[in-house]
Structure formats: structure tokens, C-alpha cells
Amino acid sequence: MIVMEQYLTQYIDPYYVRIAVLLGINIVLALGLNLITGVTGQLSMGHAGFMSIGAYTAAIMSIHAGTSFGISLLGGALMAAAFGFLIGVPTLRLEGDYLAMVTIGFAEIVRVVFLNLDIAGRAIGLSGIPSETGFLNVWLVAVLVIFLNTRLLKSRTGRALYAIREDEIAAQASGINTTFYKIFAFVIGSFLGGLAGGFYAHYMTYINPQDFGFMKSIELLNMVVLGGMGSIPGTILGSVVLTLAPEMLRMVAEYRLLFYGGLLVLMMIFRPNGLLGDVRWYDIRKRLARNGVKSYGTA
Amino acid sequence: MFWQQLINGLTLGSTYALIALGYTMVYGIIQLINFAHGEIYMFGAFAGLFLVTRFGVNVFVAMLGAMIFCMLLGMLVERIAYRPLRGRSSRLSALISAIGVSIFLSTLMVLIRGPQTDRYPDTIEISSFSLGPVQVSSLQVIILLVAALLMLGLQVFIHKTKMGKAMRACSEDLDASSLMGVNVNRVISFTFALGSALAAAGGVMVGLYYNAVWPYMGLMAGLKAFAAAVLGGIGSIPGAMLGGLCSGVLEIFGVAYLASSYRDAIAFGILIVVLLVRPQGILGKPISKKV
Amino acid sequence: MKLLRHRRIVALLTMLTMLVRLAAGCGGAKTTSGDKTGGTESGDVVKLGFLGALTGSVANYGIPGKKGMEMAIDELNAAGGILGKKVVGIYEDNKGESSEVANITQKYISRDKVNAIVGDPCTGLTKVAAEICQKNNVVIFSAGATGTGVVEYGDCVFRNTLLDKFAVPAVVDWMINTKGWKKFAVVTSLNNGYSTALTPVFKEAIKAKNGSIVIEESVNDGDTDFSAQITKIKQAKPDVLVFTGYYNEAALMQREAQKQGLDIVLVGGDGLYGQDLCKLGGKAVEERVIFYCGFSSDQPSPETAKFIKDYRARYDEDPDMFSAQYYDAVMILAKAMTDAKSTDPAVFKKELAKVKDYPGVSGNTTFRPDREPIKSPICLITIKNGKFALLEKIPVKVE
Chain X
32 MIVMEQYLTQ YIDPYYVRIA VLLGINIVLA LGLNLITGVT GQLSMGHAGF MSIGAYTAAI
92 MSIHAGTSFG ISLLGGALMA AAFGFLIGVP TLRLEGDYLA MVTIGFAEIV RVVFLNLDIA
152 GRAIGLSGIP SETGFLNVWL VAVLVIFLNT RLLKSRTGRA LYAIREDEIA AQASGINTTF
212 YKIFAFVIGS FLGGLAGGFY AHYMTYINPQ DFGFMKSIEL LNMVVLGGMG SIPGTILGSV
272 VLTLAPEMLR MVAEYRLLFY GGLLVLMMIF RPNGLLGDVR WYDIRKRLAR NGVKSYGTA
Chain S
15 MFWQQLINGL TLGSTYALIA LGYTMVYGII QLINFAHGEI YMFGAFAGLF LVTRFGVNVF
75 VAMLGAMIFC MLLGMLVERI AYRPLRGRSS RLSALISAIG VSIFLSTLMV LIRGPQTDRY
135 PDTIEISSFS LGPVQVSSLQ VIILLVAALL MLGLQVFIHK TKMGKAMRAC SEDLDASSLM
195 GVNVNRVISF TFALGSALAA AGGVMVGLYY NAVWPYMGLM AGLKAFAAAV LGGIGSIPGA
255 MLGGLCSGVL EIFGVAYLAS SYRDAIAFGI LIVVLLVRPQ GILGKPISKK V
Chain C
-1 MKLLRHRRIV ALLTMLTMLV RLAAGCGGAK TTSGDKTGGT ESGDVVKLGF LGALTGSVAN
59 YGIPGKKGME MAIDELNAAG GILGKKVVGI YEDNKGESSE VANITQKYIS RDKVNAIVGD
119 PCTGLTKVAA EICQKNNVVI FSAGATGTGV VEYGDCVFRN TLLDKFAVPA VVDWMINTKG
179 WKKFAVVTSL NNGYSTALTP VFKEAIKAKN GSIVIEESVN DGDTDFSAQI TKIKQAKPDV
239 LVFTGYYNEA ALMQREAQKQ GLDIVLVGGD GLYGQDLCKL GGKAVEERVI FYCGFSSDQP
299 SPETAKFIKD YRARYDEDPD MFSAQYYDAV MILAKAMTDA KSTDPAVFKK ELAKVKDYPG
359 VSGNTTFRPD REPIKSPICL ITIKNGKFAL LEKIPVKVE
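Protein chains in written order, with my numbering: chain X, 32 to 330; chain S, 15 to 305; chain C, -1 to 397.
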């Protein structure tokens, strides 16, 4: 793997490789959030909180316990999932914007706690994290996550999650255990957030609580909504656009954020349901098939 | 120390309340978290500063000017970024649009004048006097008075005027009001104007009291004011006032009696606990689900 | 209708690929096609990459830094450049975010093929960049990172700052023995890495000199309300208030103290050195703030005096610590390249490590064998009539 990694960076500009790695991390993050907000309809505005829990747990494990990369990643993801469960429980009582507020509050509390923890390096940040993340392992995981996510949403569970978003009461009346599925979405979503956080930490080799602030959560939410809520191809497209946009907008220098903000407004005006609102792989394949491309069976 | 901290908390809380009112009014009518509201507040603070430094006007005149400016800005933002989305997209798209506006406005201010902090000139002589064990500054009194006056005015407006009645009707049911002949677009536009004006007043007062205005002041203030609005029960106007004052006092008491290093964590922690006990906020109406 | 929707998706995908190509094309046009090893000789210009925030909440450290750097580069070019080569500065905005810093650093190294990188003003962000620079063997020269564990990244990493671990003991000694202040209130800015790193240094020094800390509080960068903390501090009755953060918060804290009738001197590090301290603080900071730093605009050395004059003429404002340190960083790099007769980082980094007693505008700089900078003497600065005024110069003892 390491040999392949070197081979890769020798023939492709490391700058592109770096952006591709960040894109892979963002896709995993956004797919996690998509499950919670896009699919199940639980507005979460604190996804960066889960990411930071994963990042810090994985980093601290690697530095202080000397665990291998895989174990650290898993530890970070599980820790984030545990907190996802904790936050998932109140969702049973809260709706819409009240839930959004709780998730914002949660992410802020996590940030302040890391600012106070000596082991996390406080505001100085945590440095000296082993550099483990590379293009191959990130994309291996990202592709796996995309695949599993697609399978999940096509399954009975996936349909149950969509049903909760569309009409919770109707879903309940149809015998769906909404309590279980809402917590399930939060746990899986935060697990993915934590996983991506671990990758991020081992890529940057330095993390700081300020990296996971409110604006980061908003950026992730933008990816999901911009691409199209609940759609996996949409979320991926949203991640691609919002990861590349800041890099491309570098040419407009200090006007960059101005364009970024304006772009968000314009995209919402012209594509109010996201670039690919609720489009599934299935729909894309169906369209392609209808236009004479070879069909992929029933799907 | 208790009374002194209470005064500190009420002063902070009244600024939160003024911003929270804008959030809650807009939310009450179109269920949109207007994320650009914090930036409107920031523009209000700078508009006031501009009037004071360039034209040397009295602070209260400047406040009025800032309120008018922000009214127009609020209506403009609504017209450009929210109205085209209304009725044909999910609420989340409108939310993202609001975030876009927020990023746009704060960057615009940085481009206009740079990122540094600016201060209000000392136009009002600060005098402090003792009330028993408590030191109260004249500025605190002014802020509490102005906030109370504005909130009272808002209450009267909403309950005694025709436009106020239309606003209340729209917040009950937008479609039904429209059928009853209420010009919904005008009411919404007006709501934005009113909320923005209050935010501008808040911005000028914060600038005056804490003496610092900077382009990114809107983000955290907006977040905390939003939290205050939710705490009070979003959509409820008395709730926003109460929520604002409560958040301010609780935040200050958190610093005073717990630990200043956990300031924001305490503020949000209390909010979460309150919401778990009372999911609709202190004065909010319980949400009844329709089947 | 169906056809239409199908077309839209295709159009979107096409647009996306075009955007990607556009990004690649634009960047590609700028870079000269050099060799793939990165950072070695890159033709007839010397490229310096700027790290710092031009937007975002830490932009007020990056913007003056950029001005200082631009000025230094223009002066070098007016004098014939470095080794006869024209100096080109490349300026990207990192918004103060780690991932941006990493992307930009990588871009500077692999696409722009810079000879050295100057920045970042923040310790944490410098570390992100240092990791990448060391791997690629490109010199990074931070103009502001004061925290620990920066030069430890390797022999390509340098910094040009006044190190607190050398300065603080001297300042604490001055407070206790010259001023007779024994009871300290210590305030930290919790979300500021500089402040969180400086507080333990102060606490250790206070303990070592037998002072007592009567109260410890924290604030956040960007806060405007300090009323609760000041009320608490007033109750604890300290002799002096040590604040380890930046100037904005210091000025606002002193204003709040004045409002509450608390008359106390605030002492801090060179993070307080910003013109905004006087502007924001007004009467409240008049002789009520003392801080240490490497240079004084009040009784400047000839180099500093010239720098201040030129800076004012060019930008119509006073330089601050960051503009001075970025300016110096560029000049020191130029000196090292000239001495080494090479613009190859692998070659001139050895000359850079040998810099001794360089009379920069931000103070005299010497690199120790471990590449840590030493600046001595340090100046204690206070504010008189709304202007920074030199209070005292105290020598720094290093083992």
C-alpha cells in the first residue's frame, strides 16, 4: 500500500492528492450527516462535534496508547457513536429547530471541553499525531462507506428512515419503531463522523478545537443540502462542489468568501431541492438505461 | 457580589433579547431560522458607528439611523435570498440560503473596512453610582431602559395596530391569512424590517456599552440570541424577551459561581437541560401533531 | 419532460468537469514547469510564499504581516533582488483554518515551487505547515509562533519571535522586585493558543519568585462582555492583573474594570502590541497596561526608525509586531540566501541557522544551536497620551 501511495504521489501533483484525500474525508462526513438529516429528517447542526470526538479520541489513542492506526480509527468512531447515542435519545422528545439547537449546543460544549482538557492540548492543539492517512486508505473506506450506505438505504431499514422523514406519525402507525430508527440513524451517522475525524487527525497531524467549530458543522450541512437531501449521489456531488469551490475560488483572492456566500444563495434559488434532490443511484441508472445504455438488471 | 452579577447579567441579557426578538418574529411567521440576523445586527452596529464618527450625530439619532438602514437591508435580504425560495422548497434550502447571506455580509464588511475591531467614541459621559453594594453605570441604565422601551413598543404595535394583527394572523396560519386577504408578502417583508431594526438597536447599544464592534461579532451573538429565542420558546415574542434575559443572567452566574473557563458550555448545557424538560421552551406553545 | 431532467443531470456533470479543468488550467498556467522534486532551484526568480489569514477572525494578524512582507520584497527588488534574481511574493488567504493552511502549503511547494515560506503568525497553524515543509525540504520561517514544539519539527523550520520562556521570568522579577506587586490575578484567553501557552510560563515564574496567584479567570477571544470576571477579580483584591491574550480583549477588560471602579495595572506579553490597544482602550488603558516586546517605536534603533517611517509613508498607519516580524523574516531569509550564494533551501538553511545578532526592525535576533531565536534586551512598554511609550529596557538572561 505504501509503495502504491508513493507511486501515486510521484506521478500526480501532491496538491491534487491532498485535495482528493480531503474530499474522501468530507464524503464520509457528509454521508454520515446525510443519514441523520437528509434521510431521517432530524436537523443536526453539530456534526463537527462528532468529528472532533473521533479526531481527538483517535489522536490521543495513537499518541498515548500507541495503538495501531486501525484500532485508533475504530476507537474514535466508537466513541463518537456512543455520543451519537447520547444525543439521539433526546431526539425522541425534540423536533426540528429545537433539536437543531441541542445539536449546536452539544458541539459547542464538546469544543469548550477540549479547550479545557490538558490531554487534548487545550487551545494550543494536539500535535505530533502520526501521519497515517493517505489517498488509498481514505478512498478505500470512502468507497466502502458509499457502497454500504447505498445497500442500507435500499433495505427495509432505509425505507423506514425515509418514512420517518416524510411523516413520522404515519410511519409509526405503519408499525415502524421510530424510536429505534431515529437513534439508529444518529449512531451510524456519528460513527461515520468519528471515523472521518480520525482520518482527518492522522492526515493533518495537528488538530485544534477551533477546527471543529460551528462553521465546520454548517459547511457539512451545506454539502448535504446543496447536493440534495437524502440522496447519496447528491451528497457526494455536494461534497465535491464544496471541497473544490474554495480551491477554485482562490483566483478571486479576498473576494472568495463573498463568492462562496453568493453561490450558496444562487444555488438554492435555482436548485431549491439541491443539485440532485432525492436522486438515487437507481434513478441515474434507470435514466441511463432508458437512453440506450446497457441496463444493470433490476436494481 | 450577587446583586452586582445580576445587574451584569441583565445588561448582557437585554442585548440578547433584542437580537432574539428578530429571530423569533421571523420564525413565528415563516419558520425560518434567519441566520443572517446576526450579520444584520453587526451592520447595525457599524451603521451607527459611521453616523456618529462621520456626521457627529447624537448616539440616539445614530441608533435611529442604523435602525432605518437595517430595515432596508433586512427587506432587501428577504427579497433577494428568501422570497424566491418560498413555497417551492424545503425549509432547509432557505436555511442554507440564509447561511450564504450571512457569509456574504460578514465578508462584505471585512472588504469594506478590514477585519479589525473598532470602538465607539465616548459620546456619553460614563458615570457610575452606588446602589447599596452595587455599582451601576449610567450606560447600564440607558441600555436597560432603551431595551425595555423598544420591547414595550413592539408589544403595543403587535397588539394594537392593523399590521400587528396581520402579523399575528400570519403566524397562526399563513395560507388561511392569505385567503382572508392579508398581503402575505408585505407582512413578511415588514416582519423582516421590524426584526432587523431591533437588531440594529441592539448592535448600537452593544457598541456603546462594550465599546467594540467588529465584522465577526454577529456569529456568536447570533448563535446565543438564537439559543435565547429557543429557550424562551421560538415564535413567542414575550418568550424571546424572557429567554434573552434568562440566558444573560445564567451565563453571568455560570462565570460567577461555576467556572469562567466553561462559560459557553454552561450556557448551552442549561439550554439543553431546559429543552429536555420543556421541549417547547419556556413560553412556547406545545406542538400538537396533526395526523 | 423526462428528457429534460435527464439533460439537466448531464449538464451538471459536464459543468462540474469543466470547473475541475478550469481549476487545473488556471493553476497550471501560473507555475513554471520545473522538476518534480519541489522547492529546488526554480529559474530566475526567488519565490516566497505567504502564510497568514486575510479574512476570518485572525485576519488582523495576517494583514499587517502581508504588508510588512510586501514592503520587504519591494525593498529587496529595488536593491537588485536576491543574488540578482527578482523576488516574488505569493499571497494566499488561509482564513486561519488548519486544512486551508495544509492545502496552501502543499500548493506553494508542489505547484508554485517556492524557495521559502513565511508565516504563519499562529503556533498551531505553523505546526501544520512545518510538518509538510520539513517533509519536502522547504524552509518555513514563522513570524509569530511563540509556543513550544515548533522548531522541533526539523532543520527547515525557523521562527523569528520573542520567546516567552526567556522574557517572562525577567518581567515577573521586575514586577515583584521593582514594583512590589505580590498578589497576582491571572487571566487566560481560553480559545487562544498563544494565551494558553503563555499562562503556564507566567504561573511558573510567579511561583519561582514567591508571588501568589489570588485568582485565575478565563475569557475567550472575540468576547466583549467581561463584567462577571472583573467583578470576581475586584473581590479578590490583587495587586496586578496578568493577561496573556491579545490586545482587543485587554483593552475591553480595562474598560470594564474602569466601569466597575477597579483601578489596576494589566501586564501582558507582546500579544498586546497592537495599535488597537490604545484605540479601543482610550483613557482606560492610559498607563494602566504594561507589556514586554522586542522593539519599541518610542526610542527605536535606527533600523526600526527607518522601518516605521517607510511603513507610515506607504500604508498611512503604524506598523505592529506582525508587520515588523514578517519584514524581518523576509530580510533574514534574503541575508541567508546571499551568504549561502544559493536560493536552494537545502543549501541556505544552513546559513540561516548561523544568523547572529541580526539588527532587525523587531529587535536583535540570534539563533541558538537548536534554531530557537533569542532577542535581548526586551522593552517594557506602557501607554502615555494614547501612544506606546518605553517604560524600561530589561536584559534577558539565557542559561
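In case anyone wonders, no lab produced these hints; they're calculated from the structure. Among the clues, some could well be false.
The following label-pair restraints were derived from C-beta to C-beta distances [to be verified]:
#1 PRO198/C - GLN45/S: 28 to 38 Å
#2 VAL287/S - LYS385/C: 43 to 53 Å
#3 LEU125/S - THR176/C: 41 to 51 Å
#4 PRO375/C - MET15/S: 53 to 63 Å
Glycine included, C-beta positions come from ideal geometry on N, C-alpha and C.
**Prompt:** Does the structure break any of the earlier hints, and which numbers would those be?
**Reply:** 1 and 4
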